[in-house]
Amino acid sequence: MRYINEFRDPATARALVERIRRDAGDAPVRLMEVCGTHTVAIARGGIRPLLSGAVTMLSGPGCPVCVTPDGYIDAAIALGMERGVLLASFGDMLRVPGKSSSLEKEKGNGLEVRVVYSPLDAVALADAVPDREVVFLGVGFETTAPAIGGAIRTAARRGVRNFSVLSSVRTIPEAMGILAADPEVRIEGFLCPAHVSVVIGTDAYRAVAERRRIPCVVAGFEPLDILLGISMLLRQRKAGVALVENEYSRVATSTGNRKAQELIREIFVPCDTGWRGIGVIPGSGLRIADAYAAFDAERKFGVPVVFAAEGTACRCGDVLKGKITPPGCPLFGKACVPEEPYGPCMVSSEGSCAAYYKYGAL
Amino acid sequence: MPMCLGVPAKVLEIRDSAAVVELGGVRREISVMLLDDVSVGGWVIVHAGFAIEKLSEDEARETLSLFREIAAADEIH
Amino acid sequence: MHEKILLSHGEGGKRTRDLIAKVIARYFDNPVLSSFLDSGLLGRIDGEIAFTTDGYVVTPPFFPGGDIGRLAVCGTVNDLAVCGAKATAISCGLILEEGLPISTLERALAGMRDAAAEAGVSIACGDTKVVERGKGDGIFITTAGVGVAVDGWRPAPSGIRPGDRIVLTGTMGDHQVAVLIARRHLAIEAPVLSDVAPLAGLLLPLLSRYAGKVRFMRDPTRGGAGVTLNEIATSANARFVLDEARLPVRESVRGVCEILGFDPLYLANEGKAVLVVAGDVAEAIVAALREHPYGREAAIIGEVTEGAAGVRMRTLSGGVRAVDYPVGDQLPRIC
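Protein chains in written order, with our numbering: chain W, 1 to 362; chain H, 363 to 439; chain S, 440 to 774.
If you are wondering where the hints come from, they were derived from the structure by calculation, not from laboratory data. Glycine included, C-beta positions come from ideal geometry on N, C-alpha and C. There's no promise every hint is true.
What the hints assert, rightly or not - Facing chain W, from chain S, some residues (calculated, C-beta under 8 Å):
| # | residue |
| --- | --- |
| 1 | D485 |
| 2 | R622 |
| 3 | E697 |
Claimed, not checked - Below, a list of computed lysine-lysine pairs in the BS3-like style, where the Cα atoms sit at most 25 Å apart:
| # | chain 1 | residue 1 | chain 2 | residue 2 |
| --- | --- | --- | --- | --- |
| 4 | H | K372 | W | K105 |
| 5 | S | K652 | S | K443 |
| 6 | S | K461 | S | K443 |
| 7 | W | K99 | W | K300 |
| 8 | S | K443 | S | K453 |
| 9 | W | K300 | W | K107 |
| 10 | S | K443 | W | K105 |
| 11 | W | K107 | S | K443 |
| 12 | W | K105 | W | K259 |
Claimed, not checked - Some chain W residues flagged as far from chain H (calculated, every beta-carbon gap over 10 Å):
| # | residue |
| --- | --- |
| 13 | R14 |
| 14 | A15 |
| 15 | P28 |
| 16 | A54 |
| 17 | P146 |
| 18 | T154 |
| 19 | K259 |
| 20 | E266 |
| 21 | E298 |
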């Protein structure tokens, strides 16, 4: 497959690993991959052990399923079970635990959930069943916000009135800022998300790089992209600079996708929002604008998504902030395993704990 | 399924705001409403049923040639 | 004959007898079945007997490269084959939903007939039940199979030792992707055919030739090679290390996996086997497999090493990662 296979070449991977090892210092360099898709790519590529001693990869909160509050799952279940709504969702949401149940478990009680690949499929579904209300579970970051916005705009234009979105959209740069400022986390470089950056533009990370003096490299998701991105971070550190560099230059640009950004501005409004395990991060969310309130499931059905800080033995929050690695949580691999997850980091296929558990045993 | 997954696919046909793209012999219809001037034969990144950006073949070639340099330099060590 | 299955077709009366005699028997005509006794009398069987059963609920019942009927025969033939047994006779239990078009039933029966002919097995007995509309999704088939074991071979996980090689008889994931495409709701077009096939002819000659050097075999159906290899590694208390670069996967299946975020290791196969074989005969076995139409892409995909039990993989990047059991990622009703 073109533009995929060439970015997996084993000989180049070996060369990049050597380069990383030569540039590393005496102590492992602490880098954070922000995006859950990077976490999985690194785990599936077996990259962590390749770099052990030279680089410590911390997994950040870029797992949209992981940071969605359990109140969101409860609201979705309520919509389905009490209001007879047909839910449409990305597959990852099905096993996420709410306060007492999950979408998957409620299916056994009659909850109707359809897994879709695109939010547009949910609009088509609504169009096909005009006598049912269809709610799309719109969870994601800036990569997915334009797709969700596109679905809402399409529904608006086509007059698909039985379609709405239960929105759980968060934005990455503010979260990076919080983590960069946290002295307990000690990040020496950020591996920035590929496709979030494609939408928002690589310039979005300049504030973090310049104010916090932390190197930022936007990298693609293939193994060579990740290794080159890590190598570029180490070289910046060696040179004593903190810039934003773009490894994913074949797709990401400094200004991003203007049309997608305009669509986001049309459909959404920035807001303060809670991240499960972290707390409220100012300006880090996107809620549906008043002009599109008819497509906002929270307002349409009067089911507000409640964010409440959780006090449990689960240390997902510290894992999401990169303060501990998954084995550092007392529940990891014991009370919390993929088949019976305690917290969201284990449930989502992109959660740090799930990735560690599935791919990390050596 | 990785949430920010986006894959490079070649544009085969365009009809209004939809396009048929192909990856490894697999075809799917997607929306191009997020992009201007998508052309048949060009490459796009597909996420959640949308093309979110065009892929620059020139930039890709540059990145690949950087990889070749790195691999060659490594052989010297 | 009516065009659709009615409840009365399952009541045991004239309609049932008509369905059997005028529809089903036309596809399964053989001396054992045509006597229409309550049991198929198979006569004396020499050798050690193997016995297996499986239920088939695949949806949709017809998909590129196969159908529920072919699946129902091949699945059972293959469960016997990987235990070293050649299938002698198969039973066919049908559960049909009221309203099922008879033409659909006939397509499934034709699939069974053709697969049985290819596998050299006869359908010796059967049963037909009908459930009310809405209580059973179209057609469900249960088959049980009786077979005779090849002389002198026993599957022996305890015989697996470091230095052994892991062989896969062909490409991964074809069946699951074909069914996915047939489900239509993912709106993907791809030239992928299910690999559903009977494997006795591919596998049993190896046992006669290589005997104990073939340690163990299993067909990687639901959950794919990833699950099967974990099962074997656990029961053998062995460590398997796979080589990602050597996993056989069709380009189109890779494409679907890329778009949808699947891992081909966990996709169902219905015409493949995993073998653990002695290191010194691995290449010869692969060569022998490749001579057969169902083994053309056979490959050594890994080896058994010293160390803690489990399945690991050397990745394309040169790293190592675990290949664990998948959790909840699988699609329902894939076979």
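Here is what the structure says about each hint:
Below 8 Å, beta-carbon pairs count as interface contacts, and D485(S) has none with chain W, the closest being about 45 Å; its hint is therefore violated. Given hint, R622(S) at the interface with chain W, is violated; its Cβ is 11 Å from that chain's nearest Cβ, farther than 8 Å. Of the supplied interface hints, the one on E697(S) holds, with its beta-carbon coming within about 7 Å of a beta-carbon of chain W, less than 8 Å. Restraint check for K372(H) and K105(W): the C-alpha separation of about 39 Å exceeds 25 Å, so the hint is violated.
Distance restraint check for K652(S) and K443(S): the Cα-Cα separation of roughly 52 Å exceeds the 25 Å cut-off, and the hinted pair is therefore not satisfied. Pair hint K461(S) plus K443(S) holds up; C-alpha atoms about 14 Å apart against a cutoff of 25 Å. Restraint check: the Cα-Cα separation between K99(W) and K300(W) comes to about 23 Å, which is no more than 25 Å; the hinted pair holds. In summary, the hint linking K443(S) to K453(S) is supported, as the alpha carbons are separated by about 16 Å, within the 25 Å threshold.
Of the pairs offered as hints, the one joining K300(W) and K107(W) holds, with about 23 Å between alpha carbons and a cut-off of 25 Å not exceeded. Proposed proximity of K443(S) and K105(W) is contradicted: the alpha carbons are some 36 Å apart, above 25 Å. For a cut-off of 25 Å, the pair hint linking K107(W) to K443(S) is broken: about 32 Å separates their Cα positions. For the proposed pair K105(W) and K259(W), the alpha carbon gap of about 39 Å is over 25 Å, so the pair is violated.
The beta carbon of R14(W) sits about 7 Å from the closest Cβ of chain H, which is not more than 10 Å, so the claim that it is off the interface is violated. Distance to chain H contradicts A15(W) as a non-interface residue, since its nearest Cβ pair spans about 3 Å, not more than 10 Å. The non-interface label for P28(W) is consistent with chain H: the shortest C-beta to C-beta separation is roughly 22 Å, beyond 10 Å. No Cβ of chain H approaches the Cβ of A54(W) within 10 Å, the least distance being about 15 Å, so the stated non-interface status holds.
Chain H draws P146(W) into its interface by the beta-carbon criterion, the shortest separation being 5 Å against a cut-off of 10 Å. Consistency note on T154(W): stated as away from chain H, yet its beta-carbon is not over 10 Å from all of that chain's, at 8 Å minimum. At the 10 Å boundary, the C-beta of K259(W) falls inside the reach of chain H, the nearest C-beta of that chain being 6 Å off. Every beta carbon of chain H lies more than 10 Å from that of E266(W), the smallest distance being close to 12 Å; the non-interface claim holds.
Interface exclusion of E298(W) from chain H stands, the closest Cβ pair being 21 Å apart, more than 10 Å.
When the structure is compared with the earlier hints, violations turn up for hints 1, 2, 4, 5, 10, 11, 12, 13, 14, 17, 18 and 19 and for no others.
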